[in-house]
Amino acid sequence: MIKEQLILKNPLHTLGFEMEETERKGSFGAVTSRAGVGKTAFLVQIAISSLLKDKNVLHISIKNPVEKVNLWYKEMFFNLTQPFDVKQSRELWEDLLTRRFIMTFETENFDFSKLTSRIDGLKSQNIFSPQFIIIDGLSSDEPIGPELARFKDYAAHNGFTIWFSVRTHRHQTADPLTILHQMCGGEDNNLFNMLIQLLPEKEMIQVKRLSVTREPLPVAHTPLFLDPSTMMVIKQDSLN
Amino acid sequence: METPIQKVRNIGISAHIDSGKTTLTERFLYFTKRIHRIHEVKGKDGVGATMDSMELEKERGITIASAATYCQWKNHEINIIDTPGHVDFTIEVERALRVLDGAILVLCSVGGVQSQSITVDQQMKRYNVPCLAFINKCDRSGANPFRVIDQLKEKLNHNAVPVQIPIGLEADLEGVVDLISMKAVYFDGDFGENIRIEEIPDALIEMAAAKREELVEAASVFSDELTDAVLEEHEISEKLLISAIRQGTLQRGLTPVVMGSAYKNKGIQLVLDAANLYLPSPLEVKNEALDIDNNEAPVTLSGNKNDPLVALAFKLEDGQFGQLTYIRVYQGVIQKGETYINVRTGKKVKVGRIVLMHADQMEDVEKIEAGYIGALFGVDCVSGDTFTSSEFKVSMTSMFVPDPVISLAVKAKDIKSENNMAKALNRFSKEDPTFQTFVSKETGETIISGMGELHLEVYIERMRREYKVDLIAGEPSVAYRETITQSTPFDYTHKKQTGGAGQYGRIAGIMEPISEDEFVFENKVTGGAIPTQYIPACEKGFRSCLDKGPWMKYPVTGMKITINDGASHSVDSSEMAFQATARGAFQQAYFKAQPVLQEPIMKVVIETPDEFQGNVMGSLNQRRGMIIGSHDVGYMTSIEAQVPLAEMFGYSTVLRSMTQGKAQFTMEFSSYKQVPKSVLEEIEKKNDKKTKTA
Chain L
0 MIKEQLILKN
10 PLHTLGFEME
20 ETERKGSFGA
30 VTSRAGVGKT
40 AFLVQIAISS
50 LLKDKNVLHI
60 SIKNPVEKVN
70 LWYKEMFFNL
80 TQPFDVKQSR
90 ELWEDLLTRR
100 FIMTFETENF
110 DFSKLTSRID
120 GLKSQNIFSP
130 QFIIIDGLSS
140 DEPIGPELAR
150 FKDYAAHNGF
160 TIWFSVRTHR
170 HQTADPLTIL
180 HQMCGGEDNN
190 LFNMLIQLLP
200 EKEMIQVKRL
210 SVTREPLPVA
220 HTPLFLDPST
230 MMVIKQDSLN
Chain B
0 METPIQKVRN
10 IGISAHIDSG
20 KTTLTERFLY
30 FTKRIHRIHE
40 VKGKDGVGAT
50 MDSMELEKER
60 GITIASAATY
70 CQWKNHEINI
80 IDTPGHVDFT
90 IEVERALRVL
100 DGAILVLCSV
110 GGVQSQSITV
120 DQQMKRYNVP
130 CLAFINKCDR
140 SGANPFRVID
150 QLKEKLNHNA
160 VPVQIPIGLE
170 ADLEGVVDLI
180 SMKAVYFDGD
190 FGENIRIEEI
200 PDALIEMAAA
210 KREELVEAAS
220 VFSDELTDAV
230 LEEHEISEKL
240 LISAIRQGTL
250 QRGLTPVVMG
260 SAYKNKGIQL
270 VLDAANLYLP
280 SPLEVKNEAL
290 DIDNNEAPVT
300 LSGNKNDPLV
310 ALAFKLEDGQ
320 FGQLTYIRVY
330 QGVIQKGETY
340 INVRTGKKVK
350 VGRIVLMHAD
360 QMEDVEKIEA
370 GYIGALFGVD
380 CVSGDTFTSS
390 EFKVSMTSMF
400 VPDPVISLAV
410 KAKDIKSENN
420 MAKALNRFSK
430 EDPTFQTFVS
440 KETGETIISG
450 MGELHLEVYI
460 ERMRREYKVD
470 LIAGEPSVAY
480 RETITQSTPF
490 DYTHKKQTGG
500 AGQYGRIAGI
510 MEPISEDEFV
520 FENKVTGGAI
530 PTQYIPACEK
540 GFRSCLDKGP
550 WMKYPVTGMK
560 ITINDGASHS
570 VDSSEMAFQA
580 TARGAFQQAY
590 FKAQPVLQEP
600 IMKVVIETPD
610 EFQGNVMGSL
620 NQRRGMIIGS
630 HDVGYMTSIE
640 AQVPLAEMFG
650 YSTVLRSMTQ
660 GKAQFTMEFS
670 SYKQVPKSVL
680 EEIEKKNDKK
690 TKTA
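In order, the protein sequence lines correspond to chains L and B. Here numbering that gives the first Met the number 0 is used: position 101 in the first sequence is 100, and no number is missing along the way. Here numbering that gives the first Met the number 0 is used: position 279 in the second sequence is 278, and no number is missing along the way.
Derived by calculation from the structure, the hints in this document are not laboratory data. Since the structure is predicted, the reported quantities are computational estimates derived from the model, not experimental observations. A couple of the hints might just be wrong.
[Unchecked claim] Listed below are the simulated DSS-like cross-link pairs for lysine-lysine, each with C-alpha atoms no more than 30 Å apart in a straight line:
| id | chain 1 | residue 1 | chain 2 | residue 2 |
| --- | --- | --- | --- | --- |
| 1 | L | K54 | B | K154 |
| 2 | L | K54 | B | K672 |
| 3 | B | K154 | B | K263 |
| 4 | B | K422 | L | K62 |
| 5 | B | K591 | B | K661 |
| 6 | L | K113 | B | K661 |
| 7 | B | K347 | B | K429 |
| 8 | L | K122 | B | K661 |
| 9 | L | K86 | L | K2 |
| 10 | B | K684 | B | K602 |
| 11 | B | K602 | L | K67 |
| 12 | L | K86 | B | K691 |
| 13 | B | K559 | L | K73 |
| 14 | B | K676 | L | K86 |
| 15 | B | K285 | L | K52 |
| 16 | L | K73 | B | K676 |
| 17 | L | K2 | B | K591 |
| 18 | L | K62 | B | K124 |
| 19 | B | K676 | L | K52 |
| 20 | L | K86 | B | K602 |
| 21 | L | K62 | L | K73 |
| 22 | B | K672 | L | K52 |
| 23 | L | K73 | B | K152 |
| 24 | L | K62 | B | K602 |
| 25 | B | K602 | L | K54 |
| 26 | L | K2 | B | K676 |
| 27 | B | K392 | B | K415 |
| 28 | L | K86 | B | K152 |
| 29 | L | K73 | B | K210 |
| 30 | B | K210 | L | K62 |
| 31 | L | K62 | B | K661 |
| 32 | L | K122 | B | K602 |
| 33 | B | K210 | L | K2 |
| 34 | B | K210 | L | K67 |
| 35 | B | K672 | L | K67 |
| 36 | L | K113 | B | K559 |
| 37 | L | K113 | B | K602 |
| 38 | L | K86 | B | K559 |
| 39 | B | K672 | L | K73 |
Please put together the full structure from these sequences, using the hints given.
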């Protein structure tokens, strides 16, 4: 029961993403914002939604240690399950842990070829087979087009859906989609299928779905925010 | 003791395994001229480092017992306690940190913040011990002190700020740039004993300036004077900057970071300088005791040698001359020949001989004043006892002592060994509260329990060597426990009224599970249904059932019993009757409350070269382990998992063989979790077998 109720809270669906889009093999999503706005918190909540749907989630963090990432999951999960029975929540948490694997890298040690080798190792040794991957900690000022393109092929071949966090910088005045294009090596090389921007707005952080094609978005969706005190996703009507 | 107390430093050196603590201490002793030759931890000369006085320490190259010594550096007296890095010997670190004023956290410049670094850091936090960090082994391939500083910030939440930057790294390590004086410091001579000061090399001027700016910015938070100097763009004197850094360190708001290589004798003198400059004197640490005559209200100790004595015994050692008691004097003076009170026992003790320790060598002194650490001979006490002058009745708070998680049966092969074993066990358990021993009532076996396999291994080896005990060690056993999962009411009447003195009692209430606390008893009986004088007997009766659960005979925890009704008989009710009633009520309710068996789950962290990580992860999976994640650090990977203790016995051998001895692991208690059904069946079978053969 608790699981079904929590699945309904998936922020991506609230933002109007179709299930096909969010679960397409090889699809890339990106959450962009400046440092410290809430990308990790948002991605962890998306990841929890996937775990609830019995997907295996691999969380890659560039820079943060394993324990810190684990704490994020714990905090977000128990915030989400606060209204529910404590014992059921705990049992569900233990269940989710079996489908989650955290892999962290020091910034200077990370590259995509190393990552693919690690993932292949986990799969071949029957240790862990991910279906949904979070890569948290990319910086937008590093052009990684060719690497990313190869990684996208790898993701499509292996059936992964991947969400990235992309840190933008104050000096970058271009819009997030343009910044992503620059990362990919040009508009024609765009690799991202889904794009979300986190934008501080007065006392809240708006979660904005952006188009990756410069066309208007196909459907209207409920505006979402991140509550800075808990970093939980909330709907606009909860603000009033 | 002529050094003014403001120039005394009582410091501990703590770190993860093999970070270089003992090597560092060996250098401290050499440069302060306490020793005249350096001996390496596992050196070719076979002598071993000074602080590793135990044979076993020298052989294994590990520190087992903390060792104390003192030295003088630039008019300061520094008392040093070198502590073990293995989590199995965590009690030694707890002890040291309880009585020390400051600490040096030693980190490997390649390994960085490792699992036991996190544990000792938590221990330092628990006792509010200011610390500075020394990044060691900067001569090693892969050394990266700035990465380690980042890890200090991210993993340990320290506001870590370098006060030096390295000149060269790995094989090119030459010296350091001191960011306070903005000079390059080199260490010449066979043992780095000759310090040479030069201008900063051109290639490092920019970095040094940038890092100094960061240092000034971080330190200015703790000094208005420094902030003003920065804002007004005045020149910042070394004295002002040092003072600000010191303030930050004392408040635990800043962790100054120094670096070098103990093995290559680079930077050690500057670590001693940093200890003098940034770590507190005994006067700068707030120490509190509990006033026994005033409901244990906290009392701040003055640190004044003229005030009544307050001293804490923090470590015992049984030697050829009797029991040696290490003490820290917080207030007053402890004098040879004088009499003091042991607050716990209330008895008077006369102090015979007082010594200062230097590893296993002793120096007789007449007294120990407030702020100093020494040792007493011939005083019967236990670790954690407080000694005071007769007029002052306070007690220091006890140290945190973790519960043991592993035990095994030991049996002496002959009578002589049996007697010696008893003496050995008595001594070891007195010295180390995490090492416990008892005789099993059911099997008559002597059981020893401790913090890990290594912990027990070491004591067994010490019994063999020091007490000539010929013994057989059985298989280790796990500290399972029982708990309940459902609330259930009970209503039990105990009646024995068949003539003569009878027994009668009735207790009704609820038995329910709780997540925290081991056992909670609540009385909600009203209207005198159970006379008040029998309520303690009810509680006693319930508690007596907890040591051995009715189901599998393991300790019962996580339970709350609320009694809300009952009945008594004017003649036949008694304390004994109500104890028996409580036991009966417990039995009645227990199985209805759906008991489950829980096992200790350990947090296991394995550091392994990349090439073996697949095998290592596989081996953890085979042991019902749940891998939380992995952290990639260059050519090494750190794997974190939660694994049942029952599956970890003998794992060190398995790990060694699968990784060619290149991996190491640490294990510490994490939580208790329910045992899976298949494992439960095995345990039940084993227990049945044991019962049949007993």
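Numbered hints the structure breaks, given as an ascending list: When the structure is compared with the hints, numbers 4, 5, 12, 15, 27, 28, 29, 33 and 36 turn out to be violated.
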